[in-house]
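Colleague: Chain residues, written in single-letter form:
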Amino acid sequence: MTDQTAYNFAYLDEQTKRMIRRAILKGVAIPGYQVPFASREMPMPYGWGTGGVQVTAACLVPEDRLKVIDQGADDTTNAVSIRRFFQRTAGVAVTEATAEATVIQTRHRIPETPLTEGQILVYQVPIPEPLRFLEPRETETRKMHELEDYGLMHVKLYEDISRHGQIATAYDYPVKVEGRYVMDPSPIPKFDNPKLAGNAAIQLFGAGREQRIYALPPYSEAISLDFDDYPFAASKADHACDLCAAPDSYLDEVITDDQGSRMFVCSDTDFCASRRKAGHIGPMGTPMAGG
Amino acid sequence: MYVAVKGGEKAIDAAHAWLAEERRGDTSVAELSVAQIRQQLALAVNRVMAEGSLYDPDLAALAIKQARGDLIEAIFLIRAYRTTLPRLGASTPLETAQMAITRRISATFKDLPGGQILGPTFDYTHRLLDFKLAAEGGVPPAPTAPASLDAVPHVTSLLNRDGLIQTEAEGNATPPDLTREPMEIPTTRPLRLQAITRGDEGFILSMAYSTQRGYGRTHAFVGELRIGTVAVEMEIPELGFSVEIGEVELTECETVNQFKGSKTEPPQFTRGYGLVFGQTERKAIAMSLVDRALRWKELGEDNTGAPAQDEEFVLMHADNIQATGFLEHIKLPHYVDFQAELELVRKLRREALAHGEAAE
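If you read the protein sequences in the order shown, they are chains A and B. With the first sequence counted from 1, adding 294 to any position gets you the numbering used here. With the second sequence counted from 1, adding 5 to any position gets you the numbering used here.
If you're looking for bench data, these hints aren't it; they were derived computationally from the structure. Keep in mind that the hints are not guaranteed to be accurate.
Straight-line alpha carbon distances no greater than 27 Å define the calculated DSSO-like cross-link-like pairs of lysine-lysine that follow [unchecked claim]: (1) 302(B) to 530(A); (2) 437(A) to 15(B); (3) 137(B) to 450(A); (4) 15(B) to 571(A).
Listed below are several chain A residues computed to face chain B (Cβ distance under 10 Å; list not exhaustive) [said to hold, decoys possible]: (5) 394; (6) 465; (7) 481; (8) 573.
Glycine included, C-beta positions come from ideal geometry on N, C-alpha and C.
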């Protein structure tokens, strides 16, 4: 395609970027608060990362190096599609290495490699409202946030415990930010929740269809909701990665035949590949060149 | 065995190439031109312009071709293009009373100034397949008559002379633009009308239909339905007066609704309003019914809990581009969330089974 010249750098016009940057700044100033913004139609469908794409577009400068992941992987089709979109419209450098990226757009994961100061992590958010499935009306949930009325959420968690003996939320696990707003961390597994807190990177959340942006500034407090006698616990499959032997990374389960055989592999493809390059080989892994 | 596959990029390229081939279809059949679509599938073009919120028949026809006839996909193409266009200014309010009429009917008066003009309508055709169309052939020219130069005033303005119908508020305030600012509930009527006119035809139709079946009944008559072209004028600051910059085809529908009065309003007729790009009368009529149903609060009517009275429900779910995107996104990978659920269900099962055994 040779149509870059027809569009502005990173697709959006400068006026729109300014509007989005204002929303981002407001979000950073009020951690966890959902800032309404005039989301634009993007050339990919709503629900496919349009919020994240707009936030990324508003953050990118020509010197940036972009990484895009979906489910932790750089090579999932939608990650490929979004990465290509920015290569085409912004011409920025891209990378798969977490440590080398200046901006990382993600769907459903936080990279295993700890982020550093100066990095921006952009989340794609389907439903930004943590109270949405308890109260469908936006007019009501906004009021609940204003009044810091999170009783309904605690009742839900309590009911989980009385019914299942534990909090039955495995992903999209709500956090309380800086002692004020309850925030939806997007559908990351709760395994990733501890990485939200005290993170050195700026974490920005974009929900395109729902027209909301929110943020966690570096080193923010983000506490996963729980009870004293039922504390939050991050969980993952009780295995090590079969390719790189990592004992502590989030794993995908892969069904390998119709006899019930399965293997577990890192969901973070960059993390897994770097470990194999460094000589960590799991029971089903093969050594990788380079390093 | 699983080896971290890197097939995404190749797969996407191959899928796009295959799609392009499927779009073209059998190459022994002549390719459809954009002009043919514009001329011969004009009602599809109109729908794409209306819901795409962009009046450009050529681009709409191109979008239909590119989308292989999937109108929601075509609307999406138009929206994504429209959003990149700069705003140069706003037109002066359109004078639909000055419309060059191709169709104009009233269901409330047998005859009226300006007359009833049936126009090019399917209304009284018998829906029998015309097999002659399967063969190619010319169409005999339709009879013509000289255009009437009589004024065609709005039916509601005639009713209003006797104070029988509610007077609508007028104002010079710039209406809000839902494509430039996030929609906040509660909204105002101009914003509601804007959302409904670009809303999905099927959704608006069903909402309107539900009011006819008793869910928020408003007893609507089609006071007037008119279709035709209207001049678009813009004030040019350097000139100090407005100039015509073009014309658009519009469908306008005003319903006249029975109203027995409320605590705040005397008995009089009230109206619902529909205005849509192109010849799109199903949408315009549906729009006017939904508009009227949403006005319950302003008119002091009871909220019966009907879906069509619920502004947040109607406006948040009317946009087919938002709806189709979010609906279809569930086909994207969800391995990570699903894995988390899998672990949770396994854990809950383990505990439930252990609990069962302990109880035995």
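Colleague: Take the hints in turn and mark each one as holding or not.
Modeller: We went through each hint and held it up to the structure:
1. 302(B) to 530(A): Violated. Residue 302(B) to residue 530(A) sits at ~51 Å, over the 27 Å cutoff.
2. 437(A) to 15(B): violated (48 Å)
3. 137(B) to 450(A): violated (64 Å)
4. 15(B) to 571(A): The hint holds at about 24 Å.
5. 394: Status violated, d = 18 Å.
6. 465: Residue 465(A) check passes; min Cβ-Cβ to chain B is 4 Å, inside 10 Å.
7. 481: Hint on residue 481(A): holds, closest Cβ of chain B at ~5 Å, below 10 Å.
8. 573: The hint is violated - residue 573(A) has no Cβ within 10 Å of chain B, the shortest such distance being about 17 Å.
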